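K.L.:
Spelled out from the first residue to the last, the chains are:
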Amino acid sequence: MLGGDGKIIARDTPVIAIRNLYKDYPTPAGAFPALKGISLTVYPGEFVAVMGPSGSGKSTFMNILGCLDHPTYGDYELNGKLVSSLDEEATARLRRRTLGFVFQGFNLLPRMTLEDNVALPLVYSGVPRERRLAKARRLLEKVGLARYAKSLPSRISGGQQQRVAIARALINRPKLILADEPTGNLDSRTSEKIMALFTKLNRRKGITIVLVTHETDIALHARRQVRFLDGVIVQDAPTRKEEGTQP
Amino acid sequence: MMFTGMFNEACSAMGANRLRTALTMLGMIIGVGAVVLMMSIGQGAQIAVKESIDSMGSNLFVVASGSATASGVRSGSGSTPTLTTADAEAIGELPGIAASSPIHTGMAQLVYGPLNWNTRIFGVTPNYLDVRSWPIAAGDNFTESDLRSATRVALIGQSTAENLFAEEDPVGKTLRIGQAPYQILGVLARKGQSLEGSDQDDVLIVPLTTAQRQIFGSPFQGSIRSILVRAEQAEIMPQLEIAIVDLLRQRHRLREGQENDFSVRDLTAIAESAAETTRIMSMLLGAIASVSLVVGGIGIMNIMLVSVTERTREIGIRMAVGAREIDVLTQFLLEAILISIAGCLIGLALGVGSAVLVHIYTAVPVIVSGSSGIVAFIVAAAIGIFFGFYPAQKAARLDPIEALRYQ
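Going down the list, the protein sequences come from chains H and A. Position 129, counted from 1, in the first sequence is what this note's numbering calls 129; the numbers after and before it change by one each time, with no gaps. Here this note's numbering runs 1000 ahead of the position in the second sequence, where the first position is 1.
Source of the hints: derived by calculation from the structure; they are not laboratory data. Since the structure is predicted, the reported quantities are computational estimates derived from the model, not experimental observations. Glycine included, C-beta positions come from ideal geometry on N, C-alpha and C. Keep in mind that a hint or two might mislead.
Cβ-to-Cβ under 10 Å is the rule here; a few derived chain H residues that face chain A [what the hints assert, rightly or not]:
id: 1; residue: 89
id: 2; residue: 92
id: 3; residue: 93
id: 4; residue: 94
id: 5; residue: 96
id: 6; residue: 107
id: 7; residue: 120
id: 8; residue: 156
id: 9; residue: 160
Stretch-level coverage of chain A by chain H, calculated; a stretch enters the list once three of its residues show a Cβ under 8 Å from a Cβ in chain H [unchecked claim]:
id: 10; region: 1009-1017
id: 11; region: 1323-1329
id: 12; region: 1359-1365
id: 13; region: 1400-1406
I would like the entire structure built from these sequences, with the hints used as guidance.
P.N.:
As C-alpha cells, then:
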C-alpha cells in the first residue's frame, strides 16, 4: 500500500509486531502481572483505538510501544527492529525517528515558545536552529496556529495546545503516532476537531496511529478497535463504518 | 552540532529563572573574587618582602659590639665599643668571607645652602658598598687613601639628596656637618624600604676614619659599633658564624665561661623567617578564600538539584521526544558549568577591581598576576563539573515514565 512519504511499503512489514508479551511489576506482595500474553500486529496506515478500563494494562502497553518501558517477556518489533536488542542510544534514536507522542496533558514545555516546542525533537537530531524553526513554523501553519509561533503555551487554549503537540509529534515524519488519551482534557467540540486532525493525518499522510481512549465516540474515529481487560486483549475488531465518524 | 543546540537550551534555562541563576552565581562571584583578592594581596606582600631582602644584600652577618655592665646597669648592645678596626680586618681574612666592612654610625645635621636635614651617618670602608651590593647611581666611591687620611668626602643616599639638593645634582657639591665642609663624591642607587620599614636611602656614607675622628669623635681610638660581613655562600654561614665567634673570643682574650662581649647575627635567617611568615600568611588567605569557592560550588549543586526536581516533567518530555541520557546529562552539566564560569568571570573582574582599590586606598602592595586568574577559572570550571555532575546524572537517570507522570 501507499505510505505517508509516497513509497510503496510491503504489506508484510508491520509497524508493530508484538508476540506473546508479558509485563510484571514488582510489588511487596510479589510480582503483579500488568500484561499477560499480548500479541498484536499493526500494519502501516492503520488507525487503532486501544480501549479498556483503568488498570486493564493499556498504559503499560503504550509505554512499551513507545520504547519507554521494557517487557518482562516477549518480543516487540517496531518498524522491523527488535526493540529489546537495542541499546539506550539506539532506542532514543528509534523513538526520535519513528515515533511521535501525543499526551493527554499536552506536555509542552511552559517556558518555550510554541515554535521552539515543536522544534524540540530536532534538537536531538542535531538540526541547526534556523532549519529547526523553519520546519516548526511550517507545521504550525498546517495545524492552523502559525500566528502563535512566538507565544508561550500558556497563551493558547487546551485544544490549540494539543494541536501544537501533534505538530511536535509530526516534526520527524514519524511512521507511528502514539496518542495517550489525547482528548481526555478537552471538551467534546474540541475533541472532535483533534480527532478530525488525526483522521486527516492517517488518511492523507498514511501515518499509522495508535490511540488510547476510554470514550466510545472517540474510538469510532479509528478503523480498528482493540479492547484490553485485566492484561489481555479481549476484543480486536474493525470499527463498523455505519456507526459513523463524521459529526 | 549537537553542542550548540545544548548550549542554547542551557542558556534559555538559565534565562528563564534569572533571579535564581544570579543568586547561584553570587556564590561563585564571591568565592572567585575573594580568591583573586587574597592571592593578589598575598603575592604583593611576598614581593615586597623579597624586595627588601634583596635590597639588604644577601648572606649577611652583623657583628655588633657587646653590652657594658657598669655598677649593675647593663647598657644595650653596642654601648661599649669592644670591637675595633683590627677586629674587622681579622674577620675579613677568614676563609669564606666575600667582603666585610666596619661600621661606625650616628646621627648628624647636614646643611646645604638654606636647607638642612638630619640623617644617619655611616662611617665605613670603601668595600661597604660591595658588602651591601649597593651600586652608585652617579659619581664615584671614596678610596682607601680617603680612608687613611680621613678626608671630608661623602656618598649621599637618594632620599637625603632629594631633601637637601632638591633638583640639583649633588655630585661635586659641598655640604656642611657642623662647620666642616664635606664634598659629595657620588649618589647611591635607590634601595627602598628595609624589612623594618625604614628608609634605607636616607643616609650619608663617609670614610670610617672621617666618622670616627671628624664627626663623632670617639674617646676610644679605632673603636667601631659593628662589622657587616658578607659570606661567599649561604651554605657556609653556620660554620662561619662559629669561626667569627671563636676568632673574636680569642682576640678579646675571653676566658672559658666568660660571656661574649659582642654578638653575631645572621641577617639572612631573619629575612628568611620574614619571607616564610608572609608565605604562610598568603597561603592562609588563599585557603580561607578557597572555602568560599567550595561553598559557592555547593550552592550550585543545591540549586541544580532543586532545578532537576522542578523540571522532572520537562526531562520526561525531552526523553519521550528522543533525548538520550547523555543529552540530558550534557544539558544540566552545561548549565552548571555556564553558571560557574559566568560567576567566575564576574568574580575575576570584581577581585581585580577590589585589589586595585585596596592598593589605591591603603597602599598595600598587590600583584594581580595572570596565573591567579587562570587558576580561578580552572577551579571554577572544575567546580561546575564536580558539583554539577551529580544533579545532571540524577536528571539523566530519571525514568521517563515516572518523569512524565510527575506533577
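K.L.:
Each hint needs a verdict: does it hold in this structure or not?
P.N.:
Quick rundown of the hints versus the structure:
1. 89: Holds. Min distance 5 Å.
2. 92: Since chain A brings a Cβ to about 4 Å from residue 92 of chain H, closer than 10 Å, the hint holds.
3. 93: Constraint on residue 93 of chain H satisfied, holds at 7 Å.
4. 94: Hint holds; residue 94 of chain H Cβ to chain A Cβ min 9 Å, cut 10 Å.
5. 96: Since chain A brings a Cβ to about 3 Å from residue 96 of chain H, closer than 10 Å, the hint holds.
6. 107: Hint on residue 107 of chain H: holds, closest Cβ of chain A at ~5 Å, below 10 Å.
7. 120: Holds: closest Cβ of chain A sits about 6 Å from residue 120 of chain H, inside 10 Å.
8. 156: violated, 17 Å
9. 160: Interface hint status for residue 160 of chain H: violated (18 Å vs cutoff 10 Å).
10. 1009-1017: Per the Cβ count (4), the hint holds.
11. 1323-1329: Since 5 is at least three, the answer is holds.
12. 1359-1365: violated (count 0)
13. 1400-1406: This one holds; 3 residues, not fewer than the three required, reach chain H with a Cβ under 8 Å.
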